[in-house]
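Chemist: Guided by the hints, dock chain B onto chain A, whose structure is given.
Chain by chain, the residues:
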Amino acid sequence: MEQPLPAHHPGGVGSPRRHRGRGKGLAPYLLSLPAGLWLLVLFVVPLFIMLSITLKTCSPASGACVMTWQWGELPHVVNQYRGQFVTSLVFAFFATLIDLVISFPIAYWIAFYGGRRKNFFLIMLLVPFFVSFIIRTLVWEFILSNNGVVLSFLRGNHLVPSSFHVLGTGLAVVAGLAYNYLPFTALPLYVALERIDRRVLNAANDLYATRRVTFMRVILPLAIPGIFAAFLLTFIPAFGDYVNQEILGGTSNTMIGTVIQNLFLIDSDYAGGASLSAVLLVISLLGIWLYARLLGSRTIEEYL
Amino acid sequence: MSVDAPSREVPAPLVEGTSRRPRHWGRFVLPTYSWLVIAYLVFPIVVMVIYSFNRVTAGLQLVSFSWNGFTWQWYRQWSNIPGLTSAFWLSLRLAIVSTVIATILGTLLAIALVRYRGKRFRGKAGFEQILFLNIAAPEIVMGASLLGLFVTFNVARGFFTLVLAHVMFSIAYVTVTVRARLSGFDVALEEASYDLGANPLDTFRLVTLPLIMPGVLAGALMAFALSIDDFVTSNFVSGSSAPFPVWVYGASRVGTPPQVFVFGTAIFTVGIVFALLSLLVSKRKV
Numbered sequence: 003m004e005q006p007l008p009a010h011h012p013g014g015v016g017s018p019r020r021h022r023g024r025g026k027g028l029a030p031y032l033l034s035l036p037a038g039l040w041l042l043v044l045f046v047v048p049l050f051i052m053l054s055i056t057l058k059t060c061s062p063a064s065g066a067c068v069m070t071w072q073w074g075e076l077p078h079v080v081n082q083y084r085g086q087f088v089t090s091l092v093f094a095f096f097a098t099l100i101d102l103v104i105s106f107p108i109a110y111w112i113a114f115y116g117g118r119r120k121n122f123f124l125i126m127l128l129v130p131f132f133v134s135f136i137i138r139t140l141v142w143e144f145i146l147s148n149n150g151v152v153l154s155f156l157r158g159n160h161l162v163p164s165s166f167h168v169l170g171t172g173l174a175v176v177a178g179l180a181y182n183y184l185p186f187t188a189l190p191l192y193v194a195l196e197r198i199d200r201r202v203l204n205a206a207n208d209l210y211a212t213r214r215v216t217f218m219r220v221i222l223p224l225a226i227p228g229i230f231a232a233f234l235l236t237f238i239p240a241f242g243d244y245v246n247q248e249i250l251g252g253t254s255n256t257m258i259g260t261v262i263q264n265l266f267l268i269d270s271d272y273a274g275g276a277s278l279s280a281v282l283l284v285i286s287l288l289g290i291w292l293y294a295r296l297l298g299s300r301t302i303e304e305y306l
Numbered sequence: 011m012s013v014d015a016p017s018r019e020v021p022a023p024l025v026e027g028t029s030r031r032p033r034h035w036g037r038f039v040l041p042t043y044s045w046l047v048i049a050y051l052v053f054p055i056v057v058m059v060i061y062s063f064n065r066v067t068a069g070l071q072l073v074s075f076s077w078n079g080f081t082w083q084w085y086r087q088w089s090n091i092p093g094l095t096s097a098f099w100l101s102l103r104l105a106i107v108s109t110v111i112a113t114i115l116g117t118l119l120a121i122a123l124v125r126y127r128g129k130r131f132r133g134k135a136g137f138e139q140i141l142f143l144n145i146a147a148p149e150i151v152m153g154a155s156l157l158g159l160f161v162t163f164n165v166a167r168g169f170f171t172l173v174l175a176h177v178m179f180s181i182a183y184v185t186v187t188v189r190a191r192l193s194g195f196d197v198a199l200e201e202a203s204y205d206l207g208a209n210p211l212d213t214f215r216l217v218t219l220p221l222i223m224p225g226v227l228a229g230a231l232m233a234f235a236l237s238i239d240d241f242v243t244s245n246f247v248s249g250s251s252a253p254f255p256v257w258v259y260g261a262s263r264v265g266t267p268p269q270v271f272v273f274g275t276a277i278f279t280v281g282i283v284f285a286l287l288s289l290l291v292s293k294r295k296v
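In order, the protein sequence lines correspond to chains A and B.
This note's numbering applies: residue 3 is where the first sequence begins, and numbers increase by one.
This note's numbering applies: residue 11 is where the second sequence begins, and numbers increase by one.
Note that these hints are calculated values from the structure, not bench results.
One thing to keep in mind: the hints can contain errors.
Quick list of the computed label-pair ranges, beta carbon to beta carbon [claimed, not checked]:
| hint | chain 1 | residue 1 | chain 2 | residue 2 | range |
| --- | --- | --- | --- | --- | --- |
| 1 | A | Ser-254 | B | Tyr-85 | 36 to 44 Å |
| 2 | B | Ile-60 | A | Ser-254 | 25 to 33 Å |
| 3 | A | Ser-254 | B | Arg-37 | 39 to 47 Å |
| 4 | A | Arg-219 | B | Phe-214 | 45 to 53 Å |
| 5 | B | Val-197 | A | Met-218 | 40 to 48 Å |
| 6 | B | Tyr-50 | A | Gly-117 | 19 to 27 Å |
| 7 | A | Asn-148 | B | Arg-103 | 38 to 46 Å |
| 8 | A | Arg-200 | B | Ile-145 | 28 to 36 Å |
| 9 | A | Ser-54 | B | Leu-287 | 46 to 54 Å |
| 10 | B | Leu-287 | A | Arg-200 | 25 to 33 Å |
| 11 | A | Gly-117 | B | Val-283 | 21 to 29 Å |
Heads up, incomplete: computed chain B residues facing chain A, CB under 10 Å, no partners named [claimed, not checked]:
| hint | residue |
| --- | --- |
| 12 | Ser-76 |
| 13 | Arg-125 |
| 14 | Leu-143 |
| 15 | Ala-146 |
| 16 | Val-161 |
| 17 | Leu-192 |
| 18 | Phe-241 |
If you're wondering where the values come from, they're calculated on a predicted model, not measured in any experiment.
Idealized CB from N, CA, C, for every residue including glycine.
Okay, chain A solo, but in the shape it has when bound (with noise of 0.2 Å):
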């Protein structure tokens, strides 16, 4: 956030040549200022009207909302919708898990063994991400699909029974967000692994350490940081998702992030989504807040 101006700046520090300038001290503030103010109306701002809206009483009918300093809304919408926001938090659990025990091994692989095709795996993995995250979600909603591809297959084989279907269920939540959101675990895990100092493993090695103590005593203890890392990105974005769950999960599990567009969207209910929203919010930097206490504030950001 931009502070005020120190009236007369310290500019003594360094070189004396790099401080010729007219108004040299000025230029972090000037550089960071046009930034600086985009964010805070556009970011910082909106956030504090969005708890302030949550104090306020609206009218469903006119979506009008009058300050009123009560906590009105909070109490009433978050037990209206406790089981949405259970649903968030199980089905962006799972998805966070799935991501995890699918993405180890291949950033293990591409930072141990990647040589020098690393980038070009680093690509493979971001691949998703070139096709539009709304048309990523269509897609599985057809490979899904009762006459898609993967169910045809298990019923023509009677792996299941005919009458099994995927879509419309948490199952085809769980999948579609631990798809959507694969690369967001696999490469902060990949930097953990990256990182690890080689000349640690051959120590380990020195001392007569095997493959699977050193795996278990050097290099899983040194990406713990980096596997916390991976779980929040992940599973942030995926608590909040509402997307997969609208395509892939039909009328049914429904998750907080569909509540709050509804209520935004649909039913011009502003101070219970404000609420819901606000509420979400906490639930996200509580996992920031307890990872900065756990690891350092400082190593989370090292891994975005």
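Modeler: This is chain B only, laid out in the frame that chain A set:
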């Protein structure tokens, strides 16, 4: 499928009994598994490309789940759906405008963050926290709160609010990307430029900018990709002018026209060609 030999940094096991299995892991199990994961990631894209060639037999021209035979029809009639075509051009314009703005603002901020610290740049820590929060916050919260802002101040939703929103969520990504490239920057080069009599503007134009250009381009690509693919925030702030993802989502609730997959295939092809080209270029330089 070809497999790289394990890189030399990985220590060869000394204990005889353990040597066979790890080799096996690194040479066979891990690569096979990794290629399976890559196949899983690519699979829906292949399905999308295949279905963009699927003939439609029923009356309505909507994509169907069953395969009806090969056709070029949707590629020949790619612009037959006026809403889809205009949504696509809107997304393209939006992505270009917001990328230019976000790249400039984000790069300036990255320079400030890398170059100045301590007493010379008070508020740096606050900035970094806001950037982090911006990236980490659930997108639906940002979209909803922006809608709250626009409703509170009675701002009409449309192209203008879309640009405001897209620049807002792109700046942090540009800054993070540029900052990563800037951290290895040698300040002595700028000092040399000053010594040779260049003013700050010339130094920035002729020395600093060319050096940080790869980072700036990477940041710009990131901003472009984020903008053209954004659904959640756009859905909140677009009003009646729906960008490509918002239009596709709306249409899919009724029935997806096959042209959607044609656009998807085209965007994918352009994107992957760019990515592989940049890979080749960066390899040649090293």
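Chemist: If a hint holds in the structure, say so; if it doesn't, say that too.
Modeler: A quick look at each hint next to the structure:
| no. | hint | result |
| --- | --- | --- |
| 1 | A:Ser-254 to B:Tyr-85: 36 to 44 Å | holds (37 Å) |
| 2 | B:Ile-60 to A:Ser-254: 25 to 33 Å | holds (30 Å) |
| 3 | A:Ser-254 to B:Arg-37: 39 to 47 Å | holds (46 Å) |
| 4 | A:Arg-219 to B:Phe-214: 45 to 53 Å | holds (49 Å) |
| 5 | B:Val-197 to A:Met-218: 40 to 48 Å | holds (43 Å) |
| 6 | B:Tyr-50 to A:Gly-117: 19 to 27 Å | holds (23 Å) |
| 7 | A:Asn-148 to B:Arg-103: 38 to 46 Å | holds (39 Å) |
| 8 | A:Arg-200 to B:Ile-145: 28 to 36 Å | holds (30 Å) |
| 9 | A:Ser-54 to B:Leu-287: 46 to 54 Å | holds (48 Å) |
| 10 | B:Leu-287 to A:Arg-200: 25 to 33 Å | holds (31 Å) |
| 11 | A:Gly-117 to B:Val-283: 21 to 29 Å | holds (24 Å) |
| 12 | Ser-76 | holds (6 Å) |
| 13 | Arg-125 | holds (7 Å) |
| 14 | Leu-143 | holds (8 Å) |
| 15 | Ala-146 | holds (6 Å) |
| 16 | Val-161 | holds (7 Å) |
| 17 | Leu-192 | violated (12 Å) |
| 18 | Phe-241 | holds (6 Å) |
In summary, the structure is inconsistent with hint 17 from the numbered list given earlier, while agreeing with all the others.
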